[in-house]
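Chemist: So the chains spell out like this:
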Amino acid sequence: MRLLSSLFALGVQFVLHVVRLPWRKAGQGERHFLASYGAEGLLPLSPDERRLLPALDRCIGCGLCNVVCAKLAGVPRHAFGGPSALGAQARSMPDFGSFASHVAHDSDCADCAICESVCPTGVPLRDLARFVSRHSRRGPG
Amino acid sequence: MGVTVIGGGAAGAVAALAARAGGAAVDLRSRGWGATALSSGAIDLAGDPAEVAGDPWAGRPCAARNFAEMLRRNPRHPLRHVREAVASALGRFCDHVPLYRPRPLDAPDLILPTDLGTWKSTFLAQGSQTAAHLPALAGKRVVVFGFRGWAGFAPKFLAASLWNLARRGGIDCDLAVGEVGWLEDDPFLALREPHELARTLDEPGAAERLGENLAAVDADLLLLPPVLGLSTVDVADRIAGAAGVPVAEPLASDRSVPGIRLQMALDRALFAAGVKRSNATQRPPGPAVLATGRFIGGGIVRGERELREALFDLPVVVPGAPGSQLSGPDVGGPHPYLSAGVPTDERLRPDGGPPGLFAAGAVLGGYDAIRERCGLGAAIVTGHVAGTLAAEIA
Amino acid sequence: MSETGNRPYDAVVIGGGINGCGVARDLTLRGLRVALVERRDLGAGTSGHSSGMIHGGPRYLLREREVTRASCVDAGRIRAIAPHLCFRIPFLVPILRGTSRVMAEALEAYMEAYDHFAPLKDGRPHTRLSADEARRIEPGLGPEVAGAVTFDEWGIDGFRLCLMNARDARLHGADVFTYSPAVALLRDGAAVVGAVVRTREGERRLEAPVVVNVAGPWAPEVAQLAGVTVRLRRGKGVHLVYGRRLGNFGIMTRAVDGRWIFVEPQQNGALLGTTDDDTYAGADELRVSRDEVEYLIEGIAHVLPSIRDHRFLRTIVGVRPTLYEYGRSPDALSRDHAILDHEEDGAPGLLTMVGGKLAYYRAMCEELADAVCRKVGSQAACTTHVRSLPGAGAADAGLIAERFLVPEPAAARLVFRHGSDARQMLESAQESDRGVLCSCEPVLRAEARYALDAEGATSIDDLRRRTRLGEGTCQGTWCIGRASALLHEVGAASVEQAHRCAIESLRERWRGRTAALDQPGTATLATEELMQSRYFLVGDYGRLPWA
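Protein chains in written order, with my numbering: chain A, -17 to 123; chain B, 199 to 592; chain C, 171 to 717.
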């Protein structure tokens, strides 16, 4: 009985959907999707970011990059965690806004690359900093 | 034609230094830090194979005796090829890295505290660590100090655990807890990592100041957090001088400063010996030493189906039957993957390798650095021999 | 945990998963005296190993439309009472090349049907994407993808949800006993009048006119204590855990055998799941095979080829307590729930609830609580849908970071887990507790201490469930040792216990990692090497006298 009523309801929906097809406007899907979710910071990755992501999985959290980070000494320590914080903690794009002060401080050190030179697994830390920086600005508010 | 060394950890650095001593020009290529920079400060040569739980220092084993037993139990151990070179390799290592003072092979193993609250036996340790040798602490008073406001070291837990384990091993010493101020003006002290604290102790006068803060303590030994300098090697001595009491730091396993100290000391030795550093990636033109490490170093990688050697695609052997699991039945091991590596002949030339290629260190495989407790020792001895052999044909 | 005197209870609830915690809260808010007993830790069973979603169950539109409606209503309510624990997950359902026009339109019609219920849980309307649009939203979609439809669901932290329900129950007078298995039921003739539990301090008798069996996959064993047979189809479900979000959107698609599987962002990681196979093994014997791993990866790789380039950290495996029916495949079994009154089985006073989904736990528990109240003669009405769970108020991570000088990423995770309670926790924390205990999640020492002092944590695994300590890329290599020292420092463990907890946690982490060792690359093996070096080489844990 439940099965029948469920199938019936779906059948009705299908018919309505087909009937409305000629009036459906193309190219609205993406716009609606981004409008629905963009405001909450749920944004697509760019093709470059999609290609970058697997390399970030190489981080094993060893912390050696922080040992050589030249920036670590001179900045308020709660606002900057060093490359190690990015590698181990920057894992959820909607949270990247909380790294905003972090990446504001390393707009210079994103290119010194000494952290990359000691990383045992070859994490592209500069690309990671740029990735986080882009999404920390795109966040809500 | 010079020697190319691939890998800048203990094995590669020692190989490069040995090749230089053999008269060759050396080009060392390294890509990142590895297991050496993460090591505890201890140089293991051959651990006591006794399976007796809770009493690892029964009979006070020594390296020479353990070494023979280790080779007897593991006939495939790469150190079997190089046993005559052990003493000279370790001696030369201590010359290059004055953090370590040489010890005779028949001296009882050091038994040192770790930052996990346990005691670990080892052959060599850094000068800042050796004063905490357990047998020397019998009947003595040790105060374990933390830095006020910094939770990166747990003196209460360490003191309780070390005391408990020492007593079970038949050694009674008094382990108390203390707290000293350091960097108290730093509003971010709670967030500092060990290497940041270590750097502050590198500054001129810092060690003396910390020592003065500890001057009134009634103790035979002060056990401080393992942050006693990064690029300066006499910090512990200077603290002790100002405090009037011997000072030591434990072996470190958590963001280890002694490991980084060792790596930096090796880098200094390489510079002093005139070893060239490069990023070159093409095939080495002449004799070469492969010292790329195991997994942390990236010398051995997991391919689609099996483990592979990363640079030359040399055959890799994982002990155990073909198709066996990489890991053992329990977390405590033994684990086959830890012994994976590149088999060699008696002159450390990898099976299936190009002529002129030697291998040293963790990439060799055939031994379990964790269970047999021979990691850095094997790296140094095989590195020394490989570098010497490579220089001979350069 | 604590208890307040030896007065008899109105109900003893056996099972500390989401249903146990949920019904304990419901009954307590209605003024009943409740004892909640759990043989391990809250949420340590099925509730902690699910996909972590309170979803509307769109797939039930096909056969059990009421289940979809009930799920959406309840998901909306759960979100209302614990907004800080919920995060939105938009899903893409790729339409594959070669799909007939009829099927594609049918799929969209299906989503339009779901649109009717989505607003009940603040869901957004579906969209229909062309191939190009879909690829702009998810650049990793493979050549097989010719378009997509989208919808959204809510993700949630299953452990925290259990915990907050139990916490609310405790705050209102319930007694909660963890690590206290029920070993017998008290009988008065045929009537069940309570339970005997084995706590860490010894056996306790908990007397109550009603005993509620919500032990999930263990419900049959608990029912056996009264000689009653309860049958379940225990469905093993495996997920792969990734160490980062692979994207902000989930992807739902069919695996090689036609089953629907998905990859979804789950807080600061991702889950790929799941399987559904009958299992007869005990909970601790469950293993994950290479076949299960490859089945899941192959299914997603069909539409997102780059999944193969990603490294998963571990596998998790849970068991669904699905309603029993002989002769159906696990996927086709009903996800409905059932409340069994064992008066009919000669054990009056014993109620069992099985089946159901995390997604509508609150409604299930309301129904169960109604049944309990009828038995004890209470007329009180349910209020669990209108009263917020602890921490449900707003909190600003940035302000907290500046005020207490803690890293903002740590504050953000703290606020996710504790909501409006986060500030208070830091106000009463000492200086050095602003430091970081778990460097990957991250977790502040203050939060870990709070979990030990005020959230009933007694072991490192308990800490992990409450704070996600050890769930990041290093899998506990740093924080397990640090946590064992903390356990000792707060007086929660002796030296021996602290070391044993560490080894237990290392073993638990390692078990999940064995299936991950076969992946290409070095990082997982490097993590193993690092962990082994720290604990078994430097720490020499293998030779501890109490290992």
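By construction, these hints were calculated from the structure, which means they are not laboratory data. Remember, predicted model here, so these are calculated numbers, not experimental data. Any given hint could turn out to be false.
[Unchecked claim] Below, a sample of chain C positions facing chain B; criterion: calculated Cβ distance under 10 angstroms:
hint, residue
1, ARG368
2, ARG375
3, VAL398
4, SER548
5, GLU597
6, GLN600
7, GLY651
8, ARG652
9, HIS658
10, SER664
11, ARG681
12, PRO690
13, GLN702
14, GLY709
15, TYR711
16, PRO715
Just so it is clear, CB atoms sit at the ideal spot from N, CA and C, and this is done for glycine as well.
Chemist: Would you mind marking each hint as holding or not holding in the structure?
Modeler: Verification of the hints:
1. ARG368: Given a least distance of 27 angstroms, the restraint on C:ARG368 is violated.
2. ARG375: violated (37 angstroms)
3. VAL398: violated (38 angstroms)
4. SER548: Check failed: Cβ of C:SER548 comes no nearer than 48 angstroms to chain B, outside 10 angstroms.
5. GLU597: violated (15 angstroms)
6. GLN600: holds (9 angstroms)
7. GLY651: Result: holds, 5 angstroms to nearest chain B Cβ.
8. ARG652: holds (7 angstroms)
9. HIS658: holds (4 angstroms)
10. SER664: holds (8 angstroms)
11. ARG681: Hint on C:ARG681: holds, closest Cβ of chain B at ~8 angstroms, below 10 angstroms.
12. PRO690: holds (6 angstroms)
13. GLN702: holds (5 angstroms)
14. GLY709: holds (4 angstroms)
15. TYR711: Holds. Min distance 7 angstroms.
16. PRO715: holds (3 angstroms)
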